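**Student:** Spelled out, the chains give:
Number of protein chains: 2
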Amino acid sequence: MLEITSAQNPRLKAAHKLKDRRERDKTGLFVIEGFREISRAKSIEIETLFICPELFLGSNEGALIQSTNVETLKLSPALFKKLSFRDRPDGLFAVGKKPESQLPKLSNNPFLVIAQAIEKPGNLGSILRSCDAAGVDGCIVADRCTDIYNPNVVRASVGTLFTVPTTEMPSDELLPWLKKNNIQIVATTPDTDLEFTHADLTGPVAIAVGTEQLGLSDAWLSQADIKVRIPMLGEADSLNVAAATTLMLYEVLRQR
Amino acid sequence: MLEITSAQNPRLKAAHKLKDRRERDKTGLFVIEGFREISRAKSIEIETLFICPELFLGSNEGALIQSTNVETLKLSPALFKKLSFRDRPDGLFAVGKKPESQLPKLSNNPFLVIAQAIEKPGNLGSILRSCDAAGVDGCIVADRCTDIYNPNVVRASVGTLFTVPTTEMPSDELLPWLKKNNIQIVATTPDTDLEFTHADLTGPVAIAVGTEQLGLSDAWLSQADIKVRIPMLGEADSLNVAAATTLMLYEVLRQR
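Those protein sequence lines, which keep their order, are chains R and D. Heads up: the first sequence begins at 1 in this note's numbering, then just goes up one per residue. Heads up: the second sequence begins at 1 in this note's numbering, then just goes up one per residue.
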């Protein structure tokens, strides 16, 4: 195993630069940090793995390192902490290749999430975690705003970015694709009387949610097959977007 | 209206220091930034209001400023951006007094949220937003970890920190108080067969959720009256804590 001892090491510097979106776009590489995240990244081609055994939290790191089957570079705790994007690094930091973007395979009764132009990596990560839990066919990010390979998406998703088929697509391609596949677009909006628990969500559905600030765009609202609202009994007029998405996904599960 | 023109102004420096928890604890003051947040802080005694009209986004700022009825200090955009805790400040930054901690008033059919030792301000803020929307009697933070007056809690809650009766209390005082008031403790945990949609949540309930890393402590799990699980169909073993809380709250609403 190679050991890196200088902060000026070019591979270390290249990996740290992947914090920057332009660098990820340019190289096609991204960062997967943490034991659970790397464990779930079975679908990803890992290129390099930086480790720091002094920072390991468990006892299964050895098996995980072997399973990735790539070159492993060892760092001191001080160097690893410089490389890490986290407050409490756990000694595992992988560089992986972004997979090719492809539309999710549809099940017999399609169940999709459309996340339009989500801004905050934490929200997108939390949405993916709920997508994994609810067993959706896939999550399609329409009109990308936050990069799905942002390290904070990987982290907030706890690696479910790799278990949920996830891709990006412009709305003007995605809308006709959904129509062609007879998938009902379900839009959450305050401008309807139909409560989400009263809508029939048992058929093929795409749950569409919009940006934190403005909600879904007019294109999505006007093409929605079902518009539902989430009851709001307090002073605020909306929920956090990931919370709202989770409610919708589990309502589909409950009805099915 | 006073205008501050120096970054060395002591009132400006004192306000900026409130980013730091120790400073908030010492002074009993905290920051409420943003139009919606300040609008919802009717229950809070505002001490100072910093404004920057060039950064206002809407046209109702004047009325809001008048309604706070406190000394207003004007800043240039450059100074305001230095003061602000946000990426996109909207020209309104208030310093308020932390209210006295008190237990929420119970309705005829009590409905509470217990958030144990939540670490991330964004999660606590998102939980409060859902508490507001679901009309709970209050949210009690057991064994505080993140400070409820952290500026990021105020922001992520979009000011619902002020519309939801919120307080902090150690678990060993809170547990007997709930028992005394005949409120059923509902714990969410993977270690049960009862799905949350099958439990009877129509009576007086306190929905208890635990830390992001470890879930609820043994004290809460052992004293819970009802243990429920949220179905997890994917690879991950839990949802984001705010997403899970939202599901539980809306299930109570649906059943009631």
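Because the hints were derived from the structure by calculation, they are not lab data. One or more of the hints may lead you astray.
Said to hold, decoys possible - Lysine-lysine pairs mimicking DSBU-like chemistry, simulated, CA-CA at most 35 Å apart:
1) D:LYS81 <-> R:LYS82
2) R:LYS105 <-> R:LYS82
3) D:LYS82 <-> R:LYS17
4) R:LYS81 <-> R:LYS105
5) D:LYS81 <-> R:LYS227
6) D:LYS13 <-> R:LYS19
7) R:LYS81 <-> D:LYS13
8) R:LYS82 <-> D:LYS180
9) D:LYS74 <-> D:LYS19
10) D:LYS81 <-> R:LYS17
11) D:LYS17 <-> D:LYS42
12) R:LYS42 <-> D:LYS227
13) D:LYS82 <-> R:LYS19
14) D:LYS42 <-> R:LYS227
15) D:LYS227 <-> R:LYS82
16) D:LYS17 <-> R:LYS13
17) D:LYS19 <-> R:LYS19
18) R:LYS19 <-> D:LYS17
19) R:LYS81 <-> D:LYS74
20) R:LYS17 <-> D:LYS42
21) R:LYS82 <-> D:LYS74
22) R:LYS13 <-> D:LYS74
23) R:LYS17 <-> R:LYS74
24) R:LYS81 <-> R:LYS179
25) D:LYS42 <-> R:LYS26
26) D:LYS81 <-> R:LYS19
27) D:LYS74 <-> R:LYS17
28) D:LYS42 <-> R:LYS82
29) D:LYS81 <-> R:LYS81
30) D:LYS17 <-> R:LYS17
Every value quoted in this text rests on a predicted model; they were computed, and no experiment measured them.
**Student:** Look at each hint and say if it fits the structure.
**Tutor:** Hints versus structure:
{"no.": "1", "hint": "D:LYS81 <-> R:LYS82", "in the structure": "holds, 29 Å"}
{"no.": "2", "hint": "R:LYS105 <-> R:LYS82", "in the structure": "violated, 40 Å"}
{"no.": "3", "hint": "D:LYS82 <-> R:LYS17", "in the structure": "holds, 27 Å"}
{"no.": "4", "hint": "R:LYS81 <-> R:LYS105", "in the structure": "violated, 39 Å"}
{"no.": "5", "hint": "D:LYS81 <-> R:LYS227", "in the structure": "violated, 39 Å"}
{"no.": "6", "hint": "D:LYS13 <-> R:LYS19", "in the structure": "holds, 32 Å"}
{"no.": "7", "hint": "R:LYS81 <-> D:LYS13", "in the structure": "holds, 31 Å"}
{"no.": "8", "hint": "R:LYS82 <-> D:LYS180", "in the structure": "violated, 51 Å"}
{"no.": "9", "hint": "D:LYS74 <-> D:LYS19", "in the structure": "holds, 20 Å"}
{"no.": "10", "hint": "D:LYS81 <-> R:LYS17", "in the structure": "holds, 27 Å"}
{"no.": "11", "hint": "D:LYS17 <-> D:LYS42", "in the structure": "holds, 24 Å"}
{"no.": "12", "hint": "R:LYS42 <-> D:LYS227", "in the structure": "holds, 33 Å"}
{"no.": "13", "hint": "D:LYS82 <-> R:LYS19", "in the structure": "holds, 25 Å"}
{"no.": "14", "hint": "D:LYS42 <-> R:LYS227", "in the structure": "holds, 33 Å"}
{"no.": "15", "hint": "D:LYS227 <-> R:LYS82", "in the structure": "violated, 42 Å"}
{"no.": "16", "hint": "D:LYS17 <-> R:LYS13", "in the structure": "holds, 34 Å"}
{"no.": "17", "hint": "D:LYS19 <-> R:LYS19", "in the structure": "holds, 25 Å"}
{"no.": "18", "hint": "R:LYS19 <-> D:LYS17", "in the structure": "holds, 29 Å"}
{"no.": "19", "hint": "R:LYS81 <-> D:LYS74", "in the structure": "violated, 41 Å"}
{"no.": "20", "hint": "R:LYS17 <-> D:LYS42", "in the structure": "violated, 45 Å"}
{"no.": "21", "hint": "R:LYS82 <-> D:LYS74", "in the structure": "violated, 40 Å"}
{"no.": "22", "hint": "R:LYS13 <-> D:LYS74", "in the structure": "violated, 44 Å"}
{"no.": "23", "hint": "R:LYS17 <-> R:LYS74", "in the structure": "holds, 18 Å"}
{"no.": "24", "hint": "R:LYS81 <-> R:LYS179", "in the structure": "violated, 48 Å"}
{"no.": "25", "hint": "D:LYS42 <-> R:LYS26", "in the structure": "violated, 49 Å"}
{"no.": "26", "hint": "D:LYS81 <-> R:LYS19", "in the structure": "holds, 25 Å"}
{"no.": "27", "hint": "D:LYS74 <-> R:LYS17", "in the structure": "violated, 40 Å"}
{"no.": "28", "hint": "D:LYS42 <-> R:LYS82", "in the structure": "violated, 44 Å"}
{"no.": "29", "hint": "D:LYS81 <-> R:LYS81", "in the structure": "holds, 30 Å"}
{"no.": "30", "hint": "D:LYS17 <-> R:LYS17", "in the structure": "holds, 31 Å"}
Of the numbered hints given earlier, the model fails hints 2, 4, 5, 8, 15, 19, 20, 21, 22, 24, 25, 27 and 28; all others are met.
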